[in-house]
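S.K.: Turn these sequences into a full structure, and let the hints guide you.
Number of protein chains: 2
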Amino acid sequence: MAEGSDAIQTLIAQVARLPGLGPRSARRVVLALIRRRTGQMAQLAALMAEVAERSRECTRCGNVSESELCPICADPARANGELCVVEDVADLWALERGRAFRGRYHVLGGTLSALDEIGPDELGIPRLIARVGDEGIAEVILALNATVEGQTTAHYIAEALVSTPVAVTVLAQGVPIGGELDYLDDGTINAALRARRRL
Amino acid sequence: MAEGSDAIQTLIAQVARLPGLGPRSARRVVLALIRRRTGQMAQLAALMAEVAERSRECTRCGNVSESELCPICADPARANGELCVVEDVADLWALERGRAFRGRYHVLGGTLSALDEIGPDELGIPRLIARVGDEGIAEVILALNATVEGQTTAHYIAEALVSTPVAVTVLAQGVPIGGELDYLDDGTINAALRARRRL
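Top line first, the protein sequences correspond to chains L and B. Residues 1 to 199 (our numbering) make up the first sequence, in order. Residues 1001 to 1199 (our numbering) make up the second sequence, in order.
No lab work stands behind these hints: they were computed from the structure. Take these hints with a grain of salt, some might be off.
Claimed, not checked - Footprint (simulated), chain B over chain L, 3 or more residues, beta carbon under 8 Å:
1) 19-27
2) 49-62
3) 84-93
4) 117-124
Built from N, CA and C at the ideal position, the CB exists for glycine as well.
M.R.: Listed below in structure tokens is the structure:
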């Protein structure tokens, strides 16, 4: 009975399973929602129900969408020749916040992983290869995470596209903006040194 | 448009306002909920709506409750003579998890704060004093946080009860179980030293 009613305990347990939250932070969140007299919890519940009801996957790129095609796939102003491959919708959002890329996306939904039995078919890589041909893509930008899994997946995709005329590129590696050398790992410093350019 | 539809953006903004969460963790939470195909978001939304609908404040102690009196105030097996005063429902929950206290509670809902214009009336301290008399309380345990605000509030309450026959106690201060002296602050070490006892 420590954490109030059964409903409250179930709610805390569910919130605690969300990424980045644990039992303690879940208790804080639920208590804060109960305490705010403005009915914020009911409002949040309604909003979640709405998003849950309406959200689906874009059939073309895998982005979160409210319709068959996501706003990016449906946007005629975006460049058709450039396809940016990302692991995750969160990565797509991060790139969109940067506003530098104006082409199309393809969300893999993960990386190749022998341990988790995620192979090319599970990631829909054949569908990606088909897209590159069907949509006349000139450049595939592999914007995968700079992790072992991300890079393995990038190499697999590059290999699969080697017989096609498409140009395959990857994000540059180097010192992040505002980065201090003293705080960077050796791998990043070495990559930045290898990729040095004339001022 | 970076974060999907308007509803998704609003949901992320609301989740980001919860304690311990920020824009980045809110994006992760919302994406995780959208991605889980099991309808977890709809389930969570329904549960939140239920808790929001049913939760209220116990009219006697200020605990979260589904009825006029919370389960602790309504429990005839709890000791009537001991009243444990806490700042917050989260503190009540923490004490209940310990299972050491079997008396009644009183939740202040905060601490005295001249800056935030929270005086004794805002905290319902007159109501607490009245309860002590009405319910024939023999001991008031001030289980407030060991912060300046918590201790100021504890001293104020002790002062207000000085003319009554009730015994006012506070939680012991000292080395936490499993604590290493090297990692403790001077204040805790000094308090533990002053309160030392014979083995």
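S.K.: Now tell me, hint by hint, if it's right for this structure.
M.R.: Hints and how they fare:
1. 19-27: With 5 residues in contact (Cβ-Cβ under 8 Å with chain B), the coverage given for the segment 19-27 of chain L holds.
2. 49-62: holds (count 7)
3. 84-93: Held - the segment 84-93 of chain L has 4 residues with a Cβ nearer than 8 Å to chain B, which meets the minimum of three.
4. 117-124: With 0 residues closer than 8 Å to chain B, the segment 117-124 of chain L misses the three-residue bar; violated.
Going through the hint list in order, the structure does not satisfy hint 4, though it satisfies all others.
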